[in-house]
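First to last, the sequence lines map onto chains A and B. If you read the first sequence in the working numbering, its first letter stands for residue -18, the second for the next number, and so on. If you read the second sequence in the working numbering, its first letter stands for residue 429, the second for the next number, and so on.
Treat the hints loosely; a few may be bogus.
Unchecked claim - Listed below are several chain A residues computed to face chain B (Cβ distance under 10 angstroms; list not exhaustive):
| id | residue |
| --- | --- |
| 1 | Phe40 |
| 2 | Pro67 |
| 3 | Gly114 |
To be verified - Calculated lysine-lysine pairs in the DSBU-like style (CA-CA distance at most 30 angstroms, straight line):
| id | chain 1 | residue 1 | chain 2 | residue 2 |
| --- | --- | --- | --- | --- |
| 4 | B | Lys624 | B | Lys509 |
| 5 | A | Lys107 | B | Lys638 |
| 6 | B | Lys509 | B | Lys430 |
| 7 | B | Lys624 | B | Lys638 |
| 8 | B | Lys604 | A | Lys107 |
| 9 | B | Lys638 | B | Lys430 |
| 10 | B | Lys604 | B | Lys638 |
| 11 | A | Lys107 | B | Lys430 |
| 12 | B | Lys624 | B | Lys604 |
| 13 | A | Lys106 | B | Lys583 |
Stated by the list, open to error - Okay, the calculated bits of chain A under chain B, using three or more residues with CB under 8 angstroms as the criterion:
| id | stretch |
| --- | --- |
| 14 | -15 to -2 |
| 15 | 47 to 57 |
| 16 | 100 to 113 |
It is worth saying that the hints were derived from the structure and are not from the lab. Note that the structure is predicted; figures quoted are calculated from it, not measured. Just so you know, even glycine gets a beta-carbon here, dropped at the ideal spot from N, CA and C.
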Amino acid sequence: MPAPPGITLKGQHRIGNAVLFDAVLRLPAGRWTCLLGRSGVGKSTLLRLILGLETGGVFSGRFTATDGAGLAGRISYMAQSDLLLPWLSVRENICIGARLRGQRPDMTVVDDLLHRVHLSEHADKKPNALSGGMRQRAALARTLFEDRPVVFLDEPFSALDAGTRSTMQALAAEVLTGRTVFLVTHDPAEAARLGHQIIVMSAQDMQVWPAPGTPAPRALDDRQAMACQTRLLAHLHATAAAS
Amino acid sequence: MKARDILLASLVGVGVWQATVWVTGAPHFILPSPGRVALAAFDSRVLIAENAWITAVEVALGLLIGTFLGVVTAIQLALSKTAERLMLPILVFTQSVPVFALAPLLTLWFGYGMASKIAMAVLIIYFPVTSAFHDGLTRIDRGYRDLSHAMAAGKYHFMRHVQIPNALPSLGSGLKLAAVYAPIGAVIGEWVGASKGLGYLMLLANGRAKIDLMFASLIVLACLTVILHVAVGALAARLTRYAQGVET
């Protein structure tokens, strides 16, 4: 995998005449950035913008990689919904990216990824036969198969139960080490556990929040992470109450 | 539709038919009894079988060709926005012309043989198959499009690996409609001008006041349609199970 770049976004996004956000966002290279904020503030729009996806608005500004190269083809994406194709097996789903580009997938890479996300025994099953956590592990393996230096995660664990979510967070932190990761989340605990950088987004600004001093990913009982989570939650609560 | 349900419905139908004959006392050249029709069917079994075979071949070929053309058109429309903009209104407009009104023209163009009946069946099923499949191809979860964009998917590969499998249940719905319409198309073609087929045999029997033979032909036609409906229904269910990833 090539060295991961950092990414900077600066600009204004409008939907009709309304400004959704006017922001500067910096994603440090090889680190996890977690973006928190109220629903509708534009977190997912920001992510979609950098990915080049439809946002329903107009962006005036620019986003650049710190190494000066373009971003096309360097970002892989994982959404809240696993987006596994029901008619394909887990193995086939993991390498769907290669098939969609008209390439022959390297099945040894697929088997290695299946092993890393602990799905080797379920490789030939259809997604319907898997639990929610297993499906998200398959989606994570599919993201890894793309082998891109930058990974965007849009609330990928929010539909999972608490235990599975915690396991998935640890797994994602392990397998995505060394990549530039941008995680959009609603969960202060998730941000406090995984983020090297935490940003709280509002219509007015991007507030860089002090991340815990302990190395990420943090243990479930990490005191600094718990304190950070509490402060984040209080801040989000106060913001919601004020609006 | 289960075989037991079909059998039960048939028994009820025959019962109502026989009761109507008894209650109204209609003469056999207006409404023959089920027994009389069964006898006529047995006596003319070779004649009916020969003509039923012709109609069945017309319907089967009409279905195959119409489905092929419908599938190709739907894929083309889904791949090209320009084709979609130009072709969809034309397709909808052509549906405002009753296909039955075209039967004499098709007979003129394709003759009295099977070709004009196959063309009729193709015309009548082409739109439902195209429309249903096109709907399935274009009605796709935005998430799949986003993911494919991030993966730098080619549009033909996206069509092959995502859109087509995703649209198979819709194609199944179109095929079920086609299975009902195709025999109508073929028989109307036979009415307008033919020397073979169940539609032709019905007209011939009617002209010679052999109403029992006409009824027998009609019942055989209905049986053909039901068999086709059941077979296509099973295929549609299989397509849906495949698309949903349900093990078969």
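Verification of the hints:
1. Interface hint at A/Phe40: violated, since its Cβ lies 16 angstroms from the closest Cβ of chain B, which is beyond the 10 angstroms cut-off.
2. A distance limit of 10 angstroms between C-beta atoms decides the matter here; for A/Pro67 the minimum to chain B is near 3 angstroms, and the interface restraint holds.
3. Interface hint at A/Gly114: violated, since its Cβ lies 18 angstroms from the closest Cβ of chain B, which is beyond the 10 angstroms cut-off.
4. Distance check on the hinted pair: B/Lys624 and B/Lys509 sit about 44 angstroms apart at the alpha-carbon level, beyond 30 angstroms; violated.
5. This hinted pair does not check out: A/Lys107 and B/Lys638 have alpha carbons roughly 58 angstroms apart, beyond 30 angstroms.
6. As the CA atoms of B/Lys509 and B/Lys430 are separated by approximately 42 angstroms, the hinted pair breaks the 30 angstroms bound.
7. For the hint linking B/Lys624 to B/Lys638, the alpha-carbon distance of about 17 angstroms falls within 30 angstroms, and the restraint holds.
8. Straight-line distance between C-alpha atoms of B/Lys604 and A/Lys107 comes to about 27 angstroms, which keeps the hinted pair within the 30 angstroms bound.
9. Under the criterion of a C-alpha separation no larger than 30 angstroms, the hint pairing B/Lys638 with B/Lys430 is inconsistent with the structure, at around 33 angstroms.
10. A threshold of 30 angstroms between alpha carbons decides the hint, and for B/Lys604 with B/Lys638 the separation of about 33 angstroms lies outside it, so the pair is violated.
11. Under the criterion of a C-alpha separation no larger than 30 angstroms, the hint pairing A/Lys107 with B/Lys430 is consistent with the structure, at around 29 angstroms.
12. Distance hint between B/Lys624 and B/Lys604 is fulfilled; the C-alpha atoms sit about 26 angstroms from each other, no more than 30 angstroms.
13. Under the criterion of a C-alpha separation no larger than 30 angstroms, the hint pairing A/Lys106 with B/Lys583 is consistent with the structure, at around 27 angstroms.
14. With 0 residues carrying a beta carbon less than 8 angstroms from a beta carbon of chain B, the stretch -15 to -2 of chain A misses the three-residue requirement, and the given coverage is violated.
15. With 4 residues having a beta carbon nearer than 8 angstroms to a beta carbon of chain B, the stretch 47 to 57 of chain A meets the requirement of three or more and the stated coverage holds.
16. Residue count for the stretch 100 to 113 of chain A with a Cβ under 8 angstroms from a Cβ of chain B: 4. That meets the three needed, and the coverage hint holds.
Checked against the numbered hints given earlier, this structure breaks hints 1, 3, 4, 5, 6, 9, 10, 14; the rest are met.
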